[in-house]
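Participant: Each chain, written out:
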Amino acid sequence: MGDLLAPANTLEVLLGNEAVARGALEAGLNVAAAYPGTPSTEIGESLARVARKVGIYFEWSANEKVATELAMGAAWSGLRSLTMMKHVGFNVASDAIFTLAYAGVTGAMVIVSADDPHAHSSQNEQDNRHYGESVGLPMLEPSIPQEAKDFTKEAFELSSKYKIPFLVRTTTRISHQRGPVRLGEITAGPAKGRFVPPEPDRYLQVGSIARKHHAELLGKLREIALDVSPSFAKVEGPSDAEFGVITSGVSYAHAKEALKLVNVDAKILKLGMTFPLPEDVMGDFLSSVNTVLVVEELDPYLELRAKAVAKDRAPEVEILGKMTGHMPRVGEYTMRTVLEGLSKALGVAPPVNFAEIDRRSSEVLKKVPPRPPVLCPACPHRSTGYALRRAAGRAAFMGDIGCYALLFQKPFRVEHVTHAMGSSIGLANGIDVATDQDVVALIGDSTFFHAGIPALINAVHNKRKMTVVIMDNRITAMTGHQPHPGTEVNAVGEEAPAVDIERVVRAIGVDYVRVVDPYDHAETERAIRDALKHDGVSVVITKRECALLTVARLRKEGRRIVPYRVNPDKCTYCRVCINTFACPAFVDTGSMVEIDPTVCFGCGACVPVCPYGAFEPQEGSLNWREQKIGV
Amino acid sequence: MDVREFNVIVAGVGGQGILFTTNVIARAALKLGLNFAQSEVHGLSQRYGSIRTELRIGSGVSSPLILEGTLDLLLALEPLEGLRQAPYISERTTVVMNDHVIPPVGAYLERFPIPSFEEVLELMKGLGPKKVIVLSAYDLAKKAGDYIVANTVMLGAAQATGVLPFPEGALREALEEVSPSRYRDLNLRAFDLGREAASLPG
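Quick note, the sequences are listed as chains A and B, same order.
For the first sequence, this note's numbering begins at 1 and goes up steadily by one.
For the second sequence, this note's numbering begins at 1001 and goes up steadily by one.
If we strip away everything but chain A, and leave its shape as in the complex, we get (with noise of 0.2 Å):
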C-alpha cells in the first residue's frame, strides 16, 4: 500500500482508491463514511488507516445510505464530507441522494460511485453515469490514479463554490490501479461546525419547497455545464484529422495506445465531466470530423448524448460504438475490445493476429482446470455449509452477499439465489407464503445489520415459517475485513460497542435461537433440523470468526501454523472428504487423499469429516474447535 501522508510535492504509488482518499485530505476533508463494497472499499481504508493521526472523524457505517445521511448531517454543519460505495450500493444510498440534490449543502460532500464493469466482484454491471442525469449531480471521470486524486480535490473546491454535492465516478480498473501520483498538500484535520440551514426552508423538501429547489437545481447545473464542464474536456491528436474517438475514464487509456497501434491520424476527445457534458465542446468536435468512434464501457451513454448534440451542431458525422454494433455493451473494456473496435470503424485488419493467437493459446486452456473462487482453506462457511447440505438438503436456499455466496458450488449447493444485500429473508418471506417448501435464508453477520434486520421483523410480524442461518463470522470479511456494529472495534480501532445479533434476534420476537460453533458440525446439524421442524420463524448462529483473522493472529502471537496429515495406513480413496467437504488443501493423488501443507491452515475442521479418521494432527498440530480457538 501507498503512503497516503507522503509529503507533498513527492511522487508516491498510489492505488486509484488510496489517490481519492489522498484527494479528500488534501481538500480539507472533515467526516467521512462508508459501507465497504468491492471496487470502492480502499478508499474507507486509507482514510480508517490515517483518520486520527490527521484528526478526521471516520467510520464503517451500517449501509450506504446511513453512510449518505451522515456525511450529509456533516455537510449541513458547514464541514467537508466524503461518502463512497460500490455502484450497487449507490442503489441503497439513492434515496437520500436524490433529494440532497435538491437540498444541497453549506459545507461540501463529494460521493464517490466505484462501478465494477465485468461484475469482476458483483452482482450486476449497472452504468452510475446515469445517475449524475437522473438524481442531477455533476459527475466527475478520472482516467487515471493522478486524476482520481486531482478530480476528487476538485469535487469538494466546486462543491463548496456551488453548494450542491459532487459525485465522482470510478470503475474497477481506476480503483484498482496503481500508478504513480505527484501528492499535494494535505488540508484535512478536526472540525466543528454548527448546524444552522442557510434560509429556513432549506433542508424541507414538500411540494412547493421541493418545486423551487427543483428549478434551482437546474439553474446550477446549466451554469456548471457552461463554466466547469469544459475545462474537464481535453481535445488531443492533429487538428485536421478526419477520425475521432470520444472517450471517457479507463476507456481513454486504452483508445489513447490503441490509436498508436493502429497508426492512424485521429483525435480525441476526452470527456473528464460527464455530467453535465460540456456540449459546445462535443458539437465542435463533432463537426471537425467526418466519423467518429465512442468508446465507453457499459452503456451507450455518451453515444446517445453524443448523438443529441449532432442532430444540430454536425448532423453530417458518423457516429459509432455500441449502437452501430462495432463496440460491446457487455463485460469490461481491453486492449483487445477496444483495438478490434477501432480497427472495424476504421475498415482496416487488426495490427494484432488475434485469431492466430486464440488459435495457439485455446488448445493449452483446454488443458487448465478451472479455478473459480472458493472458500478459504479453514473457512467457517464450508462448515456450515456441509451441515445444512446434510441437515436441509432438500429446502430452498435464499443466499445473499457475501463469501458464503461461494456455497452455491458443488459440493454444498446451499444457494439457489444471490440478488441484493438482504434479500435472503426478504426472498424468504415470498417463497414461504408462495410455497409449501421448507425455505432457509444463508446471511451474514455484516449484510444482516446492513439490510437483513426489517425482513426479519417482518418475518415475525407476519408469521412466517422459515429458517435464517446467521453465518457470523465477526467481520466484514469478503471486502478484507472490516468492522461492523457487531464487532467490539471500530474503523480506526477503538473499543466500540458490540451490537449482540443474538439478542437482537430476540428482541424482534424469534422464538428459536440457537448459537453454535460451525467446526461442531454434529452440533450444528442438529441445530438445523429442529430449527425446520420449528412452526414459525427460527434463527441458527453459525459463530466463528473468518479464518484468516484466526491464522493472523496465531502468526502474530509466533504460534506455529503445523498442517494436519492424511494417515495413509487409513485412507481407503473414498473420496467422501472431497465429494461433500472439498478444502483446498486436499489433493487427490490418484490412489489416496493428501493435504498440501502449503495450503493447510491446521484448523482440523476436517477431522470429523472423514469416516476413517485418517486425518491426523502432526506434532504441534492445534485443534481450533476443541481449543477453542477463533471462538
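Note that these hints are calculated values from the structure, not bench results.
Check the hints yourself; a few may be wrong.
[What the hints assert, rightly or not] Taking lysine-lysine and the BS3-like style, the derived pairs with C-alpha atoms no more than 27 Å apart in a straight line are: (1) A:K367 to B:K1130; (2) A:K192 to A:K256; (3) B:K1131 to A:K367; (4) A:K366 to B:K1143.
Using the hints, position chain B against chain A.
Facilitator: Same frame as chain A, now just chain B:
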C-alpha cells in the same frame, strides 16, 4: 533510462502474495522515475482462487491492461495459473515458474484432469516463449525460513533473468523498502536464494 514498454504478469492463487510481489516491482519502477500502470482485482477469493496482476512499465504506456501476445515477463507462482496466461505469451516472453502445482479442488468434483508439472512445462514451452526458468520456490522459501516467502524467491529469480529494465540492485532495494519490518530479513534471504537458484546454469 528510457523504457518504452515492459509488460509483467504475476499469476498464482490467492494467498501467495501476488499483490506484494507486483508492488515491489512497481516500487522499483517509481524509484527509477519510470512511468507505470498496474492493474489488480480485489475482493472475493482471498485464498486459493485464481489471481493475477498486470504491471506495465514505460513511457509508451497508458492502458493498465496488457495486450495479448505482448508479455515480457511472466512470474507464475503457481504453474497452472501461469499457463492460464497463454494468450499473452509470445516469443518476447520470459517465464519464471514455480514447480508446485496447487490443484483446484473444484476440478476433482468435475472430474477435470489436472496436468502434472511436467505436462504444464511442456505446454508452456509449446507456446514458444523466449525462455522458461523453473524453480522449486517452496523448497527455497522453506530454506529461507517460511513457505510464505515463495513469492520473494520468485522475485529474486526474476532479477536473475536480467530482463527487467532495472539496474542491478534496484529490485532488492525496493523489496527492502516495501517489506514489513517483521518479514524484511526473511524476504531478503528468500530473494537471494531465488536469484542464486535462477543464476545456476541448466
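Participant: Are there hints from earlier that the structure breaks, and if so, what are their numbers?
Facilitator: Of the numbered hints given earlier, those the structure breaks are 2 and 4, listed in rising order.
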